[in-house]
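Start from the sequences, fold in the hints, and give me the full structure.
Protein sequence lines, in the order shown, are assigned to chains A and B. End of the first sequence sits at 293 in the UniProt record's numbering; the numbers just go up one at a time, nothing left out. End of the second sequence sits at 443 in the UniProt record's numbering; the numbers just go up one at a time, nothing left out.
You can trust all of the hints, since none of them are fake.
The calculated lysine-lysine pairs, modelled on DSS-like cross-linking and capped at a C-alpha distance of 27 Å, are: (1) K169/B with K363/B; (2) K238/A with K411/B; (3) K182/B with K285/B; (4) K245/B with K182/B; (5) K238/A with K245/B; (6) K182/B with K169/B.
Derived by calculation from the structure, the hints in this document are not laboratory data.
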Amino acid sequence: MDRKVVFNQKLLPYLLLLPQMAITLVFFFWPAGQAVWFAFLRQDAFGIRTTFVGFENFTDLFADPLYLDTIRNTAVFSTGVTILALAVALLLAVLADRQIRGATGYRTLLIWPYAIAPAIAAVLWIFLFHPSIGLIGRALNDAGLPFDYKLNGNQAMLVVILASAWKQVSYNFIFFLAGLQSIPKAVLEAAAIDGARATRRFWTIIFPLLSPTTFFLLVVNLVYAFFDTFGVIDALTKGGPAKATETLIYRAYVDGRVNLDLGSSSAQSVVLMIVVILLTAIQFRYVERRVHY
Amino acid sequence: MHRRSLLAGAAALGFAAPAAVRAQARTEIQFWHAMPGVLGEIVAEQVKRFNDSQASVTVVPSFKGSYTDAMTGAIAAWRAGNPPHIVQVFEVGTATMMSAGPAIRPVHELLAQSGVALDPKRYLAGVRGYYSDTQGRLISMPHNSSSAIMWINLDAFEKAGLSTTDLPKTWKQIRAAAEKIKAANAAPVAVTTSWPTWVMFEQMAAMHDVPFATLSNGFEGLGAELRLTSPLFVKQVEYLLALQKDGMFRYGGRDNAADGLFVSGEAAVSFMSSSLRARVGKEAKFKWASVPLPYHDDVIATPKNGVLGGASLWTLTSKTRTPAEYKGVAEFFRSISDVDQDLWWHKATGYVPITLAAYEKAKAEGYYTQNPGADAAILQLSRAEPTPNSAGFRLGGMVEIRNIIQEELEKALQGQQGATAALESANRRGNVVLRNFERANKA
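Dropping the structure here:
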């Protein structure tokens with residue numbers, strides 16, 4: 001079902017494309033190009049003394065064991081956030097999809113967290129987990145379970161994963177709910193008549209039919225965990241303790257903005273850029289092919 | 001009719017406006033700062049006092065976020081060719097600013113060119129030293145200076161049966177007091193600290209006259225190397241680790257994250273900035289005291305001066321700046337160095353006065369007898385003639401070095417490594433930062 005608009009002349013379509021092209025060039029290609037160029041330079045904060053150093057920023061980066069730790073942290077963090085956010089959202093969506101009283105109310109409430117700014121979300125989690133002022137943090141410590149995410153790296157990682165996943169659950173929930181509602185009722189009823197119980201119906205019918213949605217969300221959540229969790233980490237742990245929650249994007253920020261090492265920060269941005277390009281390529285190659293609108 | 005009179009009015013305004021501007025012709029000076037909340041309002045008042053005092057210059061203050069935000073923002077603005085005239089930069093950014101060559105105008109040069117006379121001797125020695133070059137010439141303008149001091153919850157001390165007048169002076173006495181506080185369960189946390197690097201490393205190095213880095217802590221050149229593995233630092237870190245092991249020390253996080261532990265009454269002893277005086281006075285629901293930092297009496301008999309914290313004002317250059325604008329900046333600097341202005345600032349903010357005269361005047365007025373402990377930071381900053389080890393720090397990438405030390409200290413407190421390993425690792429990583437800075441800033 002292709003819809004095609006035919007233009008009589010070539011000028012108008014190009015003219016219509018122009019604003020978008022201009023915005024893309026000025027706000028995306030120009031800064032990205034500058035980051036790539038800076039990645040090969042070494043300069044002071046003010047850019048007064050600049051030397052071309054070739055691939056040195058990159059070799060320094062991958063020779064740094066702490067950068068490799070950061071890559072490992074990012075892997076743990078993104079996997080944790082993605083799995084948790086998808087699993088919880090799917091569970092909630094399945095529950096909210098039932099015929100229950102006040103379903104719309106539940107759904108609206110579940111979508112709320114998405115509207116909260118990352119820094120605010122982080123503050124809410126501080127009030128829960130802070131070892132001396134947080135509700136849960138205090139309760140754990142009073143119960144004899146030493147909990148201090150400001151000093152314990154694993155606990156810190158857990159807290160940032162929870163806070164980041166919580167923010168993404170709403171987004172996933174909307175997509176899963178829409179996915180569930182588009183599954184034909186006839187198929188499910190037929191299975192029920194054949195004697196399949198709810199669990200079996202879920203794993204053999206619903207889950208496979210949801211797979212395009214799940215796959216799409218998987219990529220979106222990975223991208224979110226990679227690039228959009230800066231605010232949560234900055235407000236909760238600042239990458240600490242002892243770099244335990246420092247992800248690739250956070251390190252690029254610290255090196256560029258706090259440590260004023262633009263060369264290294266740009267090199268890290270280029271590495272991240274390659275990661276996005278790969279993720280986007282995967283999305284277009286596999287996901288677009290399997291999602292049926 | 002109505003419309004016509006409106007038009008006439010607009011026309012009159014249109015003609016009158018340029019004339020009014022010409023009549024006043026005030027030079028506008030942009031001033032970027034990083035003082036939030038109440039402090040920001042006091043900065044606005046400081047500026048207003050200057051603006052009202054003369055007819056030729058208007059300083060326009062703008063709050064730019066954190067210290068890091070203000071500094072990186074100003075650097076980006078300079079790179080884009082449109083920097084503010086004045087930017088407030090925290091003390092650890094000093095070396096970066098100082099190596100910025102053509103981007104900054106040193107204060108002594110600015111004053112000389114503008115014909116404004118300000119004797120550097122009017123500033124407190126500890127304040128002056130931090131912002132001067134090796135020839136003793138002022139590079140940036142002292143603005144808000146503080147120091148780290150010891151804060152004591154006197155209620156907790158009383159509960160533990162400790163004296164509330166004869167307070168601990170050495171780390172040994174702190175340990176003894178902490179043991180009593182723990183035994184009497186007088187406070188959930190006996191000891192904590194804000195600014196782990198500033199207090200436990202920078203202040204201790206200065207007070208015990210031990211180098212933090214070679215070449216007079218970097219004052220004499222970019223080739224300085226860290227000396228973090230020296231016995232004093234090993235002793236200090238081992239002291240903290242032992243205190244933590246015995247349940248008397250709680251790590252409260254980096255930078256000022258631990259401030260709340262003391263203010264809430266949870267910690268009996270903490271080491272925080274003297275600029276917290278206003279907040280503690282308002283929020284603490286217990287009796288408290290602020291005194292100079294403790295020292296190791298088996299390392300030094302009488303401790304040297306501590307180092308300052310806070311920020312100074314830097315003059316940025318631009319191709320389009322006129323001499324009148326630079327003169328305006330100089331006039332503003334003279335205004336904040338004025339005795340009464342400085343005294344007002346000191347009392348309003350809790351920062352130390354930057355001039356000797358203001359300190360003397362506050363003393364003569366009996367300000368410190370009415371507000372005991374308000375002079376702890378001043379005493380600590382000025383109790384000795386600064387040595388090369390206690391004049392301050394001029395190390396490139398100091399922000400990063402501070403974070404590296406905090407990270408390695410955190411690893412030690414987590415039990416992942418001992419004191420020596422932590423310090424060796426911090427030393428190695430910190431020196432990489434210094435070498436990179438040296439390379440990037442060599443002419």
